[in-house]
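Dock chain B against chain A, hints included.
The chain contents come next:
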Amino acid sequence: MILFLAYSAVLLSFASGGVAIAHLFKPEVNKQLVFWLLGASGLTAILAGLGELIYPEIRLDTLSLGLPWIPWHVHFDSLSAFFFLIIGIAVFAVSFYAPHYTHHEQKNAENFAVLSLFTGLFIAGMMLVLLADDAFMFMIAWELMSVASYFLVAFQHENPANRRAAFLYLLMAEVGALLIILAFGVVASFADGFTFDALRASTISTTWMSIAFVLALMGFGMKAGLVPIHVWLPEAHPVAPSHISGLMSGVMLKVALYGLIRFCFDLLPEVHWQWGVVLLIVGTISALSGILYAMMQQNLKRLLAYSSVENIGIIVMVLGLSMIFLANDQQELAALGLLAALFHAFNHALFKNLLFLGAGMIHHQTHELNIDMLGGLIKRMPKTSVIFLIGCMSISSLPLFNGFVSEWLAFQTALQVDVLDNGVLRSLIPVSAAALALTAALAAACFVKVFGLIFLGVPRSRHAEKAKEIQDKGMLAAPAMLAGLCFFFGIFPSSILHLIDNVSKQLLGSTLPAKDVLSFISIAPVSPEQASYTAPLILIGAVCAAGISFWLLHRNSETTMRIAPTWDCGFGGLTHRMQYTSSAFTMPLRRIFATAFLIDEKVEKTMRENTKLNVADVRYTLHIQDHSWVRVYQPIERGVNVVAKQVGRIQTGNIRTYLGYSLATLILLLWVVSL
Amino acid sequence: MNWLIAILQTALFVALAPFLAGFMKFCKCRLQNRRAPSLLQPYRDLLKLTRKQPVISEDASWLFCTTPYIVFTAMVLAASVVPFIAVDLPTSAEADVIVLVGFFAFARFFLALAGLDIGTAFGGMGSSREMTISSLAEPAMLMAVFTLTMTASTTNLSGAIEHVLNEGVVLRPSFVFALFALMLVAVAETGRIPVDNPTTHLELTMIHEAMILEYSGRHLALIEWASQLKFMLYGVLISNIFFPWGIAESFGLSALGYGLLVIAGKLILLCVVLAIAETAVAKMRLFRVQEYLGFAYLLGLLGMLSHIILESTR
Chain A
20 MILFLAYSAV LLSFASGGVA IAHLFKPEVN KQLVFWLLGA SGLTAILAGL GELIYPEIRL
80 DTLSLGLPWI PWHVHFDSLS AFFFLIIGIA VFAVSFYAPH YTHHEQKNAE NFAVLSLFTG
140 LFIAGMMLVL LADDAFMFMI AWELMSVASY FLVAFQHENP ANRRAAFLYL LMAEVGALLI
200 ILAFGVVASF ADGFTFDALR ASTISTTWMS IAFVLALMGF GMKAGLVPIH VWLPEAHPVA
260 PSHISGLMSG VMLKVALYGL IRFCFDLLPE VHWQWGVVLL IVGTISALSG ILYAMMQQNL
320 KRLLAYSSVE NIGIIVMVLG LSMIFLANDQ QELAALGLLA ALFHAFNHAL FKNLLFLGAG
380 MIHHQTHELN IDMLGGLIKR MPKTSVIFLI GCMSISSLPL FNGFVSEWLA FQTALQVDVL
440 DNGVLRSLIP VSAAALALTA ALAAACFVKV FGLIFLGVPR SRHAEKAKEI QDKGMLAAPA
500 MLAGLCFFFG IFPSSILHLI DNVSKQLLGS TLPAKDVLSF ISIAPVSPEQ ASYTAPLILI
560 GAVCAAGISF WLLHRNSETT MRIAPTWDCG FGGLTHRMQY TSSAFTMPLR RIFATAFLID
620 EKVEKTMREN TKLNVADVRY TLHIQDHSWV RVYQPIERGV NVVAKQVGRI QTGNIRTYLG
680 YSLATLILLL WVVSL
Chain B
-13 MNWLIAILQT ALFVALAPFL AGFMKFCKCR LQNRRAPSLL QPYRDLLKLT RKQPVISEDA
47 SWLFCTTPYI VFTAMVLAAS VVPFIAVDLP TSAEADVIVL VGFFAFARFF LALAGLDIGT
107 AFGGMGSSRE MTISSLAEPA MLMAVFTLTM TASTTNLSGA IEHVLNEGVV LRPSFVFALF
167 ALMLVAVAET GRIPVDNPTT HLELTMIHEA MILEYSGRHL ALIEWASQLK FMLYGVLISN
227 IFFPWGIAES FGLSALGYGL LVIAGKLILL CVVLAIAETA VAKMRLFRVQ EYLGFAYLLG
287 LLGMLSHIIL ESTR
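Going down the list, the protein sequences come from chains A and B.
The first sequence runs 20 to 694 under this note's numbering.
The second sequence runs -13 to 300 under this note's numbering.
No lab work stands behind these hints: they were computed from the structure.
Fair warning: there could be bad hints in the mix.
Unchecked claim - Among chain B residues calculated to face chain A with C-beta under 10 Å, some are:
#1 Thr(-4)
#2 Leu(-2)
#3 Ala1
#4 Phe95
#5 Thr133
#6 Asn142
#7 Ser236
#8 Gly238
#9 Phe281
#10 Tyr283
Just so you know, even glycine gets a beta-carbon here, dropped at the ideal spot from N, CA and C.
One chain only, chain B, in its complex shape:
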């Protein structure tokens, strides 16, 4: 029964990811005085892409065609680990937050290889930049996460969320630092302004788009879906770790329904905040990203130190 709920929750997560991307686009359009496309537009795009004939370069190898499936699978696995509507599902005992970071690394590894597979300058450029940014973002992310896991003394996401729930509303300075660090990392890792711009195709600025430039058809659909999943994963991670209230602790229908409503509300709020930030901030130069991520790392470190100095029971 629990396994069934876990699988259904994962399926729901995967199904809702394009919707969140559509909503994000909607918020941004409204803030920039533009007419927004329908909220269902990402689904239509994905469907259109799956029907189109994929065109593959003659220099591509088997790795190029398998990568979309690998990337998508890694993101689905990540989605099954993160508590979305309910905590304490059996899937979250399979893997903890370090494994979650590992899933992201897995997807990125193959995406970067696929960028190099065709042998064009664009692909190499994207891979090189992506690996650079992610290798700086990963320690910042783990630092923020470690603050949390040390407080809860578990690296299991469900366990950590339950710990926060049981403690009630306490303002922990370490969590404030960790929250900001994780938000900065999330922006960098999901390729949003000011680190990357998902809507541009200008060689001077693009990172993620440069890697996947050669993809088309169903391969592109999978990759697009995977990046929408990644966006939603970070959103759910941030909202459920730091503001877990409302998440279903039992598996009754009403609790689950309530949990779904609450997480939707949290994600909407997060999207609005992100849209405002993206509208207000300009994209930064590539070689300023290290300062940005260094700042995120510093916040994570401060969170850790304030946990050790201020909050520890010893």
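Okay, chain A solo, but in the shape it has when bound:
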């Protein structure tokens, strides 16, 4: 039954793409059916995921698809189901959002067909990745996901920059896929067959296992956006339509994480703490540099993409902790780490999707994504602003919202370091916890900037001044639903933590140290004496305290508020240009963390009438570049060019030389065969 639901989720999203094609050839087909089917696919995915998580059981199946002698093996266990749930929620939300958001594309039947077809294929591809139980099916589904999303990134291909971003994405996706194939290949060469069961049973040496781990980390890390192989992310996510960016950032990156978890925790026969350290360090670097770069961006969607790098970094870091504990035979703490990582993945899917949808709403109403050109939207788009504020609060990990809970769990995991024997680990892990604290604080600063500059203050452009609230109910309902979930899981986190606990039971064979204290209102992951967090009581306390203070101040209040012009220091003439801008807001942090960026800052002054002091005009340009471009990619690019030139030498263009090559190859092969 549950497997049937999972299949129907896949088929419904295929059908959604199919209907779009049908609409192209037969306009009488109702195009709204596309979104209905998408919503149904999301809903069945949620049901399938929840069903499996509530009644955990490994469900297996074989489909006679693909090559005749290699059928597709399908499985559906708690880990797959958890990620199915993430996909389901995101797709369900998007299906409400897309009908109005894409109304411009709907006017052109071809554009609409392309967009919907590849959206359907993309979602189906992601679901199939989760269902795969052999390396073949996994890779086919993986490629379906990658290639379909390439077409979505390249959707607005009129702009050359978008074509370039899409090509970069495709290139990185394919290199990543090659690395994943190699990783599977290494393990499979020690096993008999490509099914996951065979891979699990492989007798592989530690060295080869480590090689497979590194390959998998690079392959999945490329998709997930780990630093320094993240560069496609800030290029590709902003150029796709917003609901697609939401799906890519919120969900597709999670599918890459699923691959990493499946490969490292499940398929490889054992784990080593050194791998955990690698994950910890890579994750910490990604988290810190992700948020630092995010802060410097002016384009809202680019900023959100960099912030995804940060969150993926946090998740990988906690996965590293979990792996370290697992390798040290601390099964329960490993379960805690996995729980924190998975819950953060879930939360990130919720609020990042929400923020991307919000960015789409802002763009839809103002045609502007540059933070420095917005402002004052809280009065013009009140509903959007509240929804977006909840997203900002969740991602800044403020208490009462879901982002805080997962970060709290991450800290709790890191603080259990005393059980380890290795002195290096014992000092490394607290330092990474402090880096996590820095990341969280910087994220708060970053999203103060985002919300403050977009929604508060005075409009900085005519577009922002003329903005109106979104009228379409579905377009508001989708992010509102996600915001509601962010708040709900911030107050009642144990409702989902119970379900995630089943994942670690299946994957690691152990659950949280003290399952019975994971009660409905409070969570105490290790033991109630060590740490507990009771969000509902805090909420009640907050409501009481705020209510009492409000009542006391308004009790005998004959003083009503007076509305007056903003104080202008007596000089007059306040304009919107006097407000802080994005680059002004982040200037102190840019200066403090100057070494983390490549900063190109220029001030050009033109003087009036050849005087030295009388300035007529000042032009300020600021260009901030990612270190990894210069340090990693440009050397690779140069290397490839040099090698290509060398290889080019043997291509003389002379037919006799090529015949000579053929003869030499033939002789070589004959010699090899004769051995």
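Relative to the frame of chain A, chain B by itself:
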């Protein structure tokens, strides 16, 4: 019963915060050869502000008017979590020290947004600086706190204090480092000299004051009260974590009374130390704050390492 004591303790905490601010001002005035205002002056100021008509800019949104309540509420919640007179109250099981840091972050988030709400340069400047300093202070604070929580193997404040109490007087090098780190952070976070100066309104130097420049009337009263609460919270946190002796472990009237006297003594001592430091030190440039907070972080790290290397049982 326990809940009642917890609520009363919180109410007492909130009520006494302006008094501590007044006492701090008194110490500073005496050290600088000035006549001090009455110790009750902060109460009079707050009362005066609540009676005045608040003036709101025409560009302000609903966020501007709600922020004072949010900030105040966050601080009251923080006050309910920190053991003040007695340990082991039920409220301290609600939230641990990480949540406490979260409450501070919550208040700061909204205060910084309110600074940006009016759309003046001052507000933006204050918000930008506040977020910068706090994002550097937060890891230093957590590092210091983690040293403590790893020693006590709990992040619950009550639990940590009980652990220190049960151990008796032991000189732990890690605690010395953590104490100094936390004191440096407390100075930065409560906006005191040498990081910020609460008495100045000069645009080159102000941080906290720049953010709240537009507030008036009851809104300003709430924000002022909240920052007095924050000051007292750090004071209580430092004195009760590192020197918990005298805190009430039972809920008898005499134990509670004794606990109140002892914490008052500790806070007075801390205020005198801080006043001397503030009188002796000049305010530093904004871009030297990172070195200051980096030093605090380093102290926290040293505390952590000395815990791991010297004190750990393994």
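Evaluation of the provided hints:
1. Annotation: Thr(-4) of chain B was flagged as interfacial toward chain A, and the flag holds, the nearest CB pair being 9 Å apart, inside 10 Å.
2. Because the smallest distance between the Cβ of Leu(-2) of chain B and any Cβ of chain A comes to about 15 Å, over 10 Å, the interface hint for this residue is violated.
3. Checking Ala1 of chain B against chain A: minimum C-beta separation of about 12 Å lies over 10 Å; hint violated.
4. Taking 10 Å as the C-beta cut-off, the interface hint given for Phe95 of chain B holds, the closest approach to chain A being about 6 Å.
5. Interface restraint check for Thr133 of chain B: the shortest CB-CB distance to chain A comes to about 8 Å, inside 10 Å, so the restraint holds.
6. Of the supplied interface hints, the one on Asn142 of chain B holds, with its beta-carbon coming within about 6 Å of a beta-carbon of chain A, less than 10 Å.
7. Given hint, Ser236 of chain B at the interface with chain A, is violated; its Cβ is 19 Å from that chain's nearest Cβ, farther than 10 Å.
8. Annotation: interface hint on Gly238 of chain B violated; nearest CB of chain A at approximately 24 Å, more than 10 Å.
9. A least Cβ separation of about 14 Å between Phe281 of chain B and chain A goes past the 10 Å threshold, and the interface hint is therefore violated.
10. Taking 10 Å as the C-beta contact cut-off toward chain A, the hint placing Tyr283 of chain B at the interface holds, the least distance being around 7 Å.
Comparing the model with each numbered hint stated earlier shows that hints 2, 3, 7, 8, 9 do not hold.
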